[in-house]
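8 protein chains.
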Amino acid sequence: MHWVVYLSGEIHTDWREEIKRRAAQQELPVSFLAPVTDHEASDAAGDHLGNQEVGFWRDHKSSKVNAIRTKNMVEQCDIAVIRFGHQYKQWNAAFDAGYCAALNKPYVTLHDAEIVHPLKEVDASAMAWAESTEQVVEILRYVTTMS
Amino acid sequence: MHWVVYLSGEIHTDWREEIKRRAAQQELPVSFLAPVTDHEASDAAGDHLGNQEVGFWRDHKSSKVNAIRTKNMVEQCDIAVIRFGHQYKQWNAAFDAGYCAALNKPYVTLHDAEIVHPLKEVDASAMAWAESTEQVVEILRYVTTMS
Amino acid sequence: MHWVVYLSGEIHTDWREEIKRRAAQQELPVSFLAPVTDHEASDAAGDHLGNQEVGFWRDHKSSKVNAIRTKNMVEQCDIAVIRFGHQYKQWNAAFDAGYCAALNKPYVTLHDAEIVHPLKEVDASAMAWAESTEQVVEILRYVTTMS
Amino acid sequence: MHWVVYLSGEIHTDWREEIKRRAAQQELPVSFLAPVTDHEASDAAGDHLGNQEVGFWRDHKSSKVNAIRTKNMVEQCDIAVIRFGHQYKQWNAAFDAGYCAALNKPYVTLHDAEIVHPLKEVDASAMAWAESTEQVVEILRYVTTMS
Amino acid sequence: MHWVVYLSGEIHTDWREEIKRRAAQQELPVSFLAPVTDHEASDAAGDHLGNQEVGFWRDHKSSKVNAIRTKNMVEQCDIAVIRFGHQYKQWNAAFDAGYCAALNKPYVTLHDAEIVHPLKEVDASAMAWAESTEQVVEILRYVTTMS
Amino acid sequence: MHWVVYLSGEIHTDWREEIKRRAAQQELPVSFLAPVTDHEASDAAGDHLGNQEVGFWRDHKSSKVNAIRTKNMVEQCDIAVIRFGHQYKQWNAAFDAGYCAALNKPYVTLHDAEIVHPLKEVDASAMAWAESTEQVVEILRYVTTMS
Amino acid sequence: MHWVVYLSGEIHTDWREEIKRRAAQQELPVSFLAPVTDHEASDAAGDHLGNQEVGFWRDHKSSKVNAIRTKNMVEQCDIAVIRFGHQYKQWNAAFDAGYCAALNKPYVTLHDAEIVHPLKEVDASAMAWAESTEQVVEILRYVTTMS
Amino acid sequence: MHWVVYLSGEIHTDWREEIKRRAAQQELPVSFLAPVTDHEASDAAGDHLGNQEVGFWRDHKSSKVNAIRTKNMVEQCDIAVIRFGHQYKQWNAAFDAGYCAALNKPYVTLHDAEIVHPLKEVDASAMAWAESTEQVVEILRYVTTMS
Chain A
1 MHWVVYLSGE
11 IHTDWREEIK
21 RRAAQQELPV
31 SFLAPVTDHE
41 ASDAAGDHLG
51 NQEVGFWRDH
61 KSSKVNAIRT
71 KNMVEQCDIA
81 VIRFGHQYKQ
91 WNAAFDAGYC
101 AALNKPYVTL
111 HDAEIVHPLK
121 EVDASAMAWA
131 ESTEQVVEIL
141 RYVTTMS
Chain B
1001 MHWVVYLSGE
1011 IHTDWREEIK
1021 RRAAQQELPV
1031 SFLAPVTDHE
1041 ASDAAGDHLG
1051 NQEVGFWRDH
1061 KSSKVNAIRT
1071 KNMVEQCDIA
1081 VIRFGHQYKQ
1091 WNAAFDAGYC
1101 AALNKPYVTL
1111 HDAEIVHPLK
1121 EVDASAMAWA
1131 ESTEQVVEIL
1141 RYVTTMS
Chain C
2001 MHWVVYLSGE
2011 IHTDWREEIK
2021 RRAAQQELPV
2031 SFLAPVTDHE
2041 ASDAAGDHLG
2051 NQEVGFWRDH
2061 KSSKVNAIRT
2071 KNMVEQCDIA
2081 VIRFGHQYKQ
2091 WNAAFDAGYC
2101 AALNKPYVTL
2111 HDAEIVHPLK
2121 EVDASAMAWA
2131 ESTEQVVEIL
2141 RYVTTMS
Chain D
3001 MHWVVYLSGE
3011 IHTDWREEIK
3021 RRAAQQELPV
3031 SFLAPVTDHE
3041 ASDAAGDHLG
3051 NQEVGFWRDH
3061 KSSKVNAIRT
3071 KNMVEQCDIA
3081 VIRFGHQYKQ
3091 WNAAFDAGYC
3101 AALNKPYVTL
3111 HDAEIVHPLK
3121 EVDASAMAWA
3131 ESTEQVVEIL
3141 RYVTTMS
Chain E
4001 MHWVVYLSGE
4011 IHTDWREEIK
4021 RRAAQQELPV
4031 SFLAPVTDHE
4041 ASDAAGDHLG
4051 NQEVGFWRDH
4061 KSSKVNAIRT
4071 KNMVEQCDIA
4081 VIRFGHQYKQ
4091 WNAAFDAGYC
4101 AALNKPYVTL
4111 HDAEIVHPLK
4121 EVDASAMAWA
4131 ESTEQVVEIL
4141 RYVTTMS
Chain F
5001 MHWVVYLSGE
5011 IHTDWREEIK
5021 RRAAQQELPV
5031 SFLAPVTDHE
5041 ASDAAGDHLG
5051 NQEVGFWRDH
5061 KSSKVNAIRT
5071 KNMVEQCDIA
5081 VIRFGHQYKQ
5091 WNAAFDAGYC
5101 AALNKPYVTL
5111 HDAEIVHPLK
5121 EVDASAMAWA
5131 ESTEQVVEIL
5141 RYVTTMS
Chain G
6001 MHWVVYLSGE
6011 IHTDWREEIK
6021 RRAAQQELPV
6031 SFLAPVTDHE
6041 ASDAAGDHLG
6051 NQEVGFWRDH
6061 KSSKVNAIRT
6071 KNMVEQCDIA
6081 VIRFGHQYKQ
6091 WNAAFDAGYC
6101 AALNKPYVTL
6111 HDAEIVHPLK
6121 EVDASAMAWA
6131 ESTEQVVEIL
6141 RYVTTMS
Chain H
7001 MHWVVYLSGE
7011 IHTDWREEIK
7021 RRAAQQELPV
7031 SFLAPVTDHE
7041 ASDAAGDHLG
7051 NQEVGFWRDH
7061 KSSKVNAIRT
7071 KNMVEQCDIA
7081 VIRFGHQYKQ
7091 WNAAFDAGYC
7101 AALNKPYVTL
7111 HDAEIVHPLK
7121 EVDASAMAWA
7131 ESTEQVVEIL
7141 RYVTTMS
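Protein chains in written order, with our numbering: chain A, 1 to 147; chain B, 1001 to 1147; chain C, 2001 to 2147; chain D, 3001 to 3147; chain E, 4001 to 4147; chain F, 5001 to 5147; chain G, 6001 to 6147; chain H, 7001 to 7147.
The set of hints was computed from the structure by calculation and includes no laboratory data. By construction, the Cβ of each residue, glycine as well, lies at the ideal position given by its N, Cα and C atoms. Hints may contain errors.
What the hints assert, rightly or not - SDA-like cross-link-like pairs, simulated, lysine to any residue; straight-line CA separation at most 25 Å:
#1 K20(A) <-> H117(A)
#2 K4020(E) <-> G6055(G)
#3 K6089(G) <-> G6050(G)
#4 K6089(G) <-> M6001(G)
#5 K20(A) <-> G7050(H)
#6 K2089(C) <-> K3020(D)
#7 K20(A) <-> M146(A)
#8 K89(A) <-> E1053(B)
#9 K1020(B) <-> G2050(C)
#10 K5020(F) <-> M7001(H)
#11 K7020(H) <-> W3(A)
#12 K1089(B) <-> S1147(B)
#13 K89(A) <-> M146(A)
#14 K3020(D) <-> H3117(D)
#15 K4020(E) <-> H4048(E)
#16 K20(A) <-> E138(A)
#17 K7089(H) <-> G6050(G)
#18 K6020(G) <-> T4145(E)
Stated by the list, open to error - Here are the computed distance ranges between Cβ atoms for each label pair:
#19 S147(A) <-> E7027(H): 45 to 53 Å
#20 P2029(C) <-> D112(A): 54 to 62 Å
#21 Q2052(C) <-> E1040(B): 36 to 44 Å
#22 T3145(D) <-> S2031(C): 25 to 33 Å
#23 D6014(G) <-> E1131(B): 49 to 57 Å
#24 D6014(G) <-> E4040(E): 54 to 62 Å
#25 E3017(D) <-> H5012(F): 43 to 51 Å
Claimed, not checked - Here are a few chain G residues that sit away from chain A, every Cβ distance over 12 Å (derived from the structure):
#26 H6012
#27 W6015
#28 R6021
#29 E6027
#30 G6055
#31 H6117
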């Protein structure tokens, strides 16, 4: 069985590449999906649909274009890994977690211990909490290759 | 038709009471549901189930007990109002928004203009963005009483 | 068994009142739901959420506020009656029909013979096509009171 | 990830071919599905099932045969593009939009600015509104190939 | 807990009345729903929607009007009792059984031993097979009143 | 797009082979699924699970083993063709039709005109009624190959 | 909001009465549902449907009659409490837990610490583990009456 | 059609290998999925996520990691085979059965006659009860290769 893993959340560190590299080293039977992680491109995703908007409606247009991608990927993945970093609000990551929970789709969170308390509702529906990409890949290895 | 409205999110200001009061003044055909908003009680919701835990597992127990309530209320409401304040991470509020979105359940966000950008994914699936409780109640009045 | 009937579509004639009056005369065990039928109020439903928009975004805001109501009503009704008149595009009515079809929710169309051809896809998923409010009420009478 | 795109709506202009050509030029990882766009063949799709009917029942038979195809394609696509042209009622296109909305399936509308107002309910549930096939393909490019 | 029981199938004997009478004698907490059992009225249910049709399309119109009722009742009941008599094809009864099975809705069949073999697929998804109305009511009594 | 077609119903004539042969001649992009059509094998499908039963329980065991297959095939097909012949009760065919209807899965019926009346509820939810295998294959050709 | 609580599992101790009594003392807004807890009656639930069977088929008939009740109650409850005692296999309790988990229905387990290990998969999907009826009622009090 | 079979339950005998070997001998068109059957590895599946826990929380972490795998496999299989052995509580096996039942997913049980009575609720929703791996493979052969 091949597994599809969606990597949601923080876009300012290279955690996705770490996970992909480690998974490749172990030759895990997994594919990775991710949102667009180019911050500027993401914010501008709807600008070509008429570029006069600023503020709310510019964000609205762009975030809906992005949602075409993220909604599909969340629904098609077998597991989501949802990363919360040290900065920014990252409400989109928590939104993805809620979306997974409602669909009964398993997800793993990846965050430091210091934000355990504000993430308690998100972790309550998670299948695991990891603090490092090594741990995430170990979960993937166990789940996809053990017998 | 009677409407059930779930009031999700921020627990440190009296926005829920404002909405309830204004709705009562206008005699709207609505009932309100809400999570437990007593912060200390909420954090301690699972303590009676063996109280030795600290950190992650204490939070885990309590947030799961709270989730019994919030999950039911989200699923039974006709509309959710999801409030984001100025402080705290409030990932639980974004989690509820994602849960609603996956269930195709209409929700309205209530937050200031200054956090429009980080909330763009949450607002992308919302039916409306309000900046004041007056606006929320005006939406409820329109939706539930106009003909 | 009490039946909830959603009356979707045309807002420029009094077909809803005719159906309600006839159903009341026959004391049918039905309640009626409807979208907001005050055209100007409907177009302005989102104006109070910041009124600077014109064109697409004004319509967008208002139609989403209206959708809070219509989506709930479509999902809660037992039958929808969907009316297509002689004027206007009425794409909202066809949209409601598609929404019902995907939910496996029974609906009846109400329209003249001259628009049978362009409505063929909408009628293909309908449980009946009526040309008059008398016929609609006769369907309701049969369905809700015969034994 | 390969994407399946359903092209719904207007059949009297070559917008589908434009989209396919532009997508092929950019080598996007997409496949396209569409309803039968041969108008006469579509109207006659059920004639071989006994050909005596005229009017409503001829249309009924044919539109149901067509619906075997369109219902499957809507349910299997990852994105729908729904085109509204200048002519005809095109209620089938709005019907498809409602069907998508109920399934929580992302769709993009393609239409001119002059019909923004009558399409406001259809656009309210859309992920984007495009005015040109270039814009549609730019959305597809962004969604399917960015990283 | 109050139970809603849908009585599907044969319309030429008084099995429904027997079940209702016995249930009333025992004061069971149940309500009964049923299709229209007046055979002529049922066959004519769509005649008022233009009465020129004969054969297939007359049957089609009427059976769709009836389906508004039966589909709703099947979906709202807690248990269906599906009766197969000695005469007629009664494919509508088997259709209701399949509909229940797909919805994971419990149903009980009521039929004589001599048609056990042709009903084996219908009975395979049933929760019980009864040969008499006494047995059906005994099931209802047990399920709704025991503690 | 490749289509999966489930051929349900009558097992005493060669209608399945006719459909397969005609579809092959036209090189249609379709695969066919079917229940086990060897009548004796089907009746005996559960005998190896302890062979002491007779009557109801023998039928029960065998029909459940068969249902493992038929339930999966109905759920995985894109279209079902449901055949009613001249003999036997064929309640399993009507059961499959109801199962499809509840799942919103398109199906086509194949039967002679003389049994239109008893099949009216089954035909009411069908996308087409065909009287010959030629007609069925013509539907498949149109649906799967037209553009 | 009134809450419906299903009490699943062990039938040889009076834990259900304890929960009901404590909930009544605190006047909690809850109703309780339960399977039939009269062991002999439960085992004999299908005997009146022909009483010749012994062994597997007797159990089969009775457990299906019981399932009419339990399946409905599980689907209609807001919370399930699932009790595992010291004796017997109690696979029905674990079955109910799995049923709840697939439906995304919150449940609480009630069992002693000594069986934590074999119940780990059941507890993994539970919202809480309680060791006493006091704890269960405290959860109910918190969830249903706090504000 | 290729079939995916999930082998749930007992991990202390070689029943899975027997089934796989027999299926391979007969070249059945089936793939097999299974939970991790290395007991110690399974109990330790979450230890790398911080290893300080003992008792409930250690089990909790590990069983959730395992559930990422089992939940996905149950949802993706076409048939589950659920084995109950002579030892241990095996509540996870009954949990999987309940999960399958709620999803309307066919499953077969594999157990000795002496535990028929405590397994009656699990068997009530099963498509078959087998006592030997030969019988299971015979079911698979019949279901997947007969015509």
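Hints, one by one, checked against the model:
Of the supplied pair hints, the one linking K20(A) and H117(A) is violated, its CA atoms being roughly 28 Å apart against a limit of 25 Å. For the proposed pair K4020(E) and G6055(G), the alpha carbon gap of about 33 Å is over 25 Å, so the pair is violated. For the hint pairing K6089(G) with G6050(G), the CA-to-CA distance comes to about 28 Å; that exceeds 25 Å, so the pair is violated. A C-alpha spacing of about 36 Å is found between K6089(G) and M6001(G), which places the hinted pair above 25 Å, so the restraint is violated.
At most 25 Å may separate the alpha-carbon atoms for a hinted pair to count; K20(A) and G7050(H) meet this at roughly 22 Å. Of the supplied pair hints, the one linking K2089(C) and K3020(D) is violated, its CA atoms being roughly 28 Å apart against a limit of 25 Å. Restraint check for K20(A) and M146(A): the C-alpha separation of about 19 Å stays at or below 25 Å, so the hint holds. Distance restraint check for K89(A) and E1053(B): the Cα-Cα separation of roughly 28 Å exceeds the 25 Å cut-off, and the hinted pair is therefore not satisfied.
As the CA atoms of K1020(B) and G2050(C) are separated by approximately 22 Å, the hinted pair is consistent with the 25 Å bound. Distance hint between K5020(F) and M7001(H) is fulfilled; the C-alpha atoms sit about 16 Å from each other, no more than 25 Å. A threshold of 25 Å between alpha carbons decides the hint, and for K7020(H) with W3(A) the separation of about 22 Å falls inside it, so the pair holds. Straight-line distance between C-alpha atoms of K1089(B) and S1147(B) comes to about 40 Å, which puts the hinted pair past the 25 Å bound.
For the suggested pair K89(A) and M146(A), the alpha carbons sit about 37 Å apart, so the restraint of at most 25 Å is broken. Between the alpha carbons of K3020(D) and H3117(D) the distance comes to roughly 28 Å, so the proposed pair goes past 25 Å and is violated. For the hint linking K4020(E) to H4048(E), the alpha-carbon distance of about 32 Å lies beyond 25 Å, and the restraint is violated. Restraint check for K20(A) and E138(A): satisfied, since their Cα atoms lie roughly 12 Å apart, inside the 25 Å limit.
A distance of roughly 33 Å separates the Cα atoms of K7089(H) and G6050(G); the hinted pair therefore is violated under the 25 Å criterion. About 18 Å separates the Cα atoms of K6020(G) and T4145(E), which keeps this hinted pair within 25 Å; it holds. Remark: the range hint 45 to 53 Å for S147(A) to E7027(H) is contradicted by a beta-carbon distance near 22 Å. Hint check: P2029(C) to D112(A), Cβ distance near 60 Å, so the stated range 54 to 62 Å holds.
In this structure, Q2052(C) and E1040(B) meet the distance hint of 36 to 44 Å, their C-beta atoms being roughly 43 Å apart. In this structure, T3145(D) and S2031(C) break the distance hint of 25 to 33 Å, their C-beta atoms being roughly 51 Å apart. Our hint of 49 to 57 Å for D6014(G) and E1131(B) holds, since their Cβ atoms are close to 55 Å apart. Taking 54 to 62 Å as the suggested C-beta distance range, the pair D6014(G) and E4040(E) conforms, at roughly 57 Å.
Under the hint 43 to 51 Å, the C-beta atoms of E3017(D) and H5012(F), about 48 Å apart, fit the expected range. Here H6012(G) stays apart from chain A, with its beta-carbon at least about 33 Å from theirs, past the 12 Å limit. No Cβ of chain A comes within 12 Å of the Cβ of W6015(G); the nearest lies about 26 Å off, and the non-interface call holds. With a minimum CB-CB distance of about 30 Å to chain A, R6021(G) clears the 12 Å threshold, and the non-interface call stands.
The claim that E6027(G) is not at the interface with chain A holds, since no C-beta of that chain comes within 12 Å of its own (minimum 29 Å). At roughly 36 Å from the closest C-beta of chain A, the C-beta of G6055(G) stays outside 12 Å, upholding its exclusion from the interface. Its beta-carbon lying about 19 Å from the closest one in chain A, H6117(G) satisfies the requirement of being farther than 12 Å from that chain.
Checked against the numbered hints given earlier, the structure breaks hints 1, 2, 3, 4, 6, 8, 12, 13, 14, 15, 17, 19 and 22 and satisfies all the rest.
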